[in-house]
Amino acid sequence: MTGKKGSARYTSFYQEPGRYKGILSWLMSTDHKRIGIMYTLALLSFFAAGACAGLLMRLSLIAPGKILSAQTYNEVFTVHGIIMIFLFVIPGIPVAFGNFFLPILIGARDVAFPRLNRLSWWLYLTGAAIIFLSLSLHGRPPDTGWTFYAPLSVESQANISVAVFGVFVLGFSSILTGLNFVTTVHRLRAPGMGWFRLPLFVWTLYATGWVQMLATPVLAITLVFIILGRFLGVGFFDPAKGGDPILYEHLFWIYSHPAVYIMLLPAMGIISEIIPVFSKERIFGYTAIALSAIAIASVGSLVWGHHMLTSGMSDTARVIFSLITFIVAVPSGVKVFNWVATLYKGSIVIVTPLLYALSFILLFSIGGLTGLIIGALAPNLKLHGTYFIVAHFHYVMFGGAGFAILAGLHYWFPKTTGRMYDEVKAKIGWLVLFIGFNALYFSMFILGYQGMPRRYFDYPPQYFTGHLVSTIGSWILAAGLIIIFGNLVRSAFKGKKAPANPWQGRTLEWQIPSPPPAENFEKLPVIRGDRYEVKRKG
Amino acid sequence: MKPRSSSWDHTSTEIKTRAAGLFRMRLDFFCLICLTLAAFCLVPLPGAWAHAPGSQPIGIDARIGETIPGDIVLLDEQGRAEALGAIIRKPTILVLIYYTCDRLCPQMLAGLAAALPQLGLTPDKDYQVITVSFDETDTPAKARHLKRNYLKAIEQPFPAGAWRFLTGERKNIQALCAAAGFTVRKETHGFAHPTALIILSPDRRITRYIHVSKFSYGVAYPITFPAASLSRALTEASRGEASAAPKSWFLYCFPHEPEKQQRFFRILMMVGGGTIIGLALFFVYLSLSGRKPREGKRS
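Protein chains in written order, with my numbering: chain A, 27 to 564; chain B, 9 to 307.
By construction, these hints were calculated from the structure, which means they are not laboratory data.
Just so you know, even glycine gets a beta-carbon here, dropped at the ideal spot from N, CA and C.
Keeping only pairs whose Cα atoms sit at most 35 Å apart, straight-line, the calculated DSBU-like set for lysine-lysine is:
no. : chain 1 : residue 1 : chain 2 : residue 2
1   : A       : Lys549    : B       : Lys300
2   : A       : Lys520    : A       : Lys451
3   : B       : Lys255    : B       : Lys155
4   : A       : Lys408    : B       : Lys150
5   : B       : Lys222    : A       : Lys267
6   : A       : Lys408    : B       : Lys160
Derived, one-sided and incomplete: chain B residues facing chain A with beta-carbon distance under 8 Å:
no. : residue
7   : His264
8   : Gln269
9   : Thr283
10  : Leu287
11  : Leu294
12  : Arg299
13  : Lys300
14  : Pro301
15  : Arg302
Please build the complete structure, drawing on both the sequences and the hints.
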């Protein structure tokens with residue numbers, strides 16, 4: 027992919043000769059763009075595996091016991107959760123789009139520690155390999171749910187230790203990525219790129235980096251306690267030995283709630299990039315959006331207890347956690363209002379990335395507002411153990427982070443591959459996915475409100491209709507995903523050549539050729555005056 | 009593309025040397041923090057041992073047929089002192105609990121409040137209920153609060169004098185518990201104690217123990233008292249008939265806060281505090297050292 031930029035010929039990072047040839051030229055690469063591409067491909071493969079497990083669960087639920095036994099169902103939903111959460115959505119946007127675009131967006135040639143970045147990638151691969159090992163080793167795959175709640179995870183006969191160790195390794199990958207990104211933003215901003223000239227995606231990656239460094243060690247140590255409990259009988263979570271199972275829940279959610287923001291903050295960052303580009307408007311309330319990312323990251327670290335409102339905490343603790351949960355909704359609301367205000371009176375161009383961004387706003391708002399319903403103490407007591415939670419969770423994770431990943435994939439597709447995707451097929455894919463998504467998950471809100479308990483492999487006959495609609499939705503959703511990824515894969519090889527700036531974007535990645543050259547910029551750009559305006563030095 | 013200049017090489021070496029020095033310094037600093045934290049973890053925590061629970065066994069030594077001394081003085085909900093001899097003049101359900109309990113005690117009272125209207129007896133005439141706290145720090149104000157709550161929980165008019173919530177000084181409480189055969193133990197957060205209703209005749213003789221032996225999860229009333237047996241027990245008590253000591257087992261109500269957990273939390277707190285301080289220092293370091301844009305290999 028040797029392209030033309032102005033009068034000078036250039037070599038894209040795909041073509042850049044390195045020390046190694048073939049597959050090693052990728053695996054040994056320290057180029058943030060190559061690492062980003064490898065992460066993206068790995069993430070999407072794991073997403074496909076997780077989606078298959080999800081489809082299997084849904085299929086089983088229209089004929090309980092006929093396809094999967096109760097034990098197998100437990101294993102499949104655990105595997106679905108572990109893969110989707112730890113291998114796909116938590117690393118998700120930072121490692122894929124963050125790696126590729128963070129240095130470009132701030133006008134740098136690479137991240138601050140390129141070799142540490144490669145180590146993170148290797149750790150991620152190792153963690154993933156260990157998790158898949160836990161599925162295929164002698165013995166049963168994990169069956170505790172992705173939360174590994176004690177005492178079940180300490181007592182279960184399944185391969186918990188191996189899976190937990192895999193997650194532990196992934197945690198280190200995450201911490202190192204956070205450290206790398208934070209240092210990069212501090213150190214490598216181009217001349218003139220002040221804090222309040224940073225693209226909003228960078229702001230969210232920066233906030234996420236701190237959350238990764240602060241929260242992930244808690245998960246790591248918690249998982250070590252599980253392993254110690256299983257092998258040495260240390261009773262951190264065993265009441266008979268002076269431990270406490272509630273302690274596990276606290277430690278687990280001290281990490282895993284901030285992890286929700288590790289997934290969502292960068293997703294919001296992508297949406298904040300896409301909306302101004304396709305409404306041809308300056309983003310409304312830049313400072314408010316940037317600071318709300320920091321607010322979400324900090325307040326979001328204090329709300330973990332709302333996952334445990336029915337676990338046996340004091341009323342004081344429950345009331346406080348419920349209150350902070352309401353407070354954390356405020357900065358998210360600020361973002362939503364700012365996006366809508368940006369669209370207002372804009373010259374909106376309806377293309378696929380914007381469709382995903384708009385559906386993100388809708389689906390994330392449904393996910394967020396139902397989050398307030400279950401964050402309030404009284405309704406939580408009724409809804410906590412039901413499908414309502416499953417629906418809320420998927421509206422936030424898939425409708426939020428998932429749709430943002432798809433938005434980002436389409437928005438930056440011309441830049442990463444140097445080719446354009448087929449717009450018509452992409453729009454059809456979006457529509458099918460959107461319909462399937464709502465059929466699949468909205469019916470779960472209704473099922474949950476009617477009292478269908480979550481995690482059960484069987485149910486009384488009155489819930490059949492809801493489950494049927496949901497399962498049919500899962501098939502439509504799968505069809506949508508096939509159309510979307512079929513289109514992207516085909517376009518990556520056969521699409522039209524992409525110009526440097528197909529969307530008339532104003533951020534730095536659109537000022538360099540598609541795909542970018544090996545060190546991004548011939549000369550480091552100097553940012554002057556207008557926030558996203560770029561002038562070349564000399 | 010600018011060819012690499014010698015001054016760049018010089019700067020690069022200098023930066024490398026400085027960076028190596030800085031790294032060594034940070035490594036030393038890191039080791040120091042780890043050692044300090046480890047030393048903190050080894051220091052015994054006086055607080056943890058001071059609250060170590062006693063080792064005396066708890067339980068019920070059934071004293072059927074024995075009389076509760078009438079000179080035990082307790083405080084009523086208004087803080088007025090009254091002797092038990094004056095209080096107990098009719099068949100009585102005696103409940104020994106403590107008022108700050110958030111485990112079985114409130115469930116017992118709720119179960120009792122649900123059973124009382126179904127007894128078929130007239131409160132204040134055929135029987136009365138006396139709840140006594142064995143926690144000497146419980147006050148008449150707390151007792152008033154509980155009384156208001158549980159009278160409301162009965163969900164029909166109930167004479168206020170027929171369910172009394174009493175508190176008392178340590179020596180009186182101990183005398184009452186000893187007379188009733190109740191052994192309780194102070195724990196770090198609350199008490200460990202057996203759960204039972206004690207039925208007394210009008211002349212303060214113990215005629216029956218009704219053990220709490222079942223706790224049902226996920227229902228409105230986890231602890232229930234069958235109205236028929238409660239009513240029969242009161243009727244027998246009014247005639248002064250004592251039954252045999254119950255053979256059924258009973259539940260213990262206890263707070264679960266093992267003493268070593270305090271130490272564990274302390275370690276967690278220090279490690280967590282260390283992480284936050286470490287990250288704050290990292291932020292300060294990054295902010296102070298400022299921007300260091302790099303030229304590429306090819307520049």
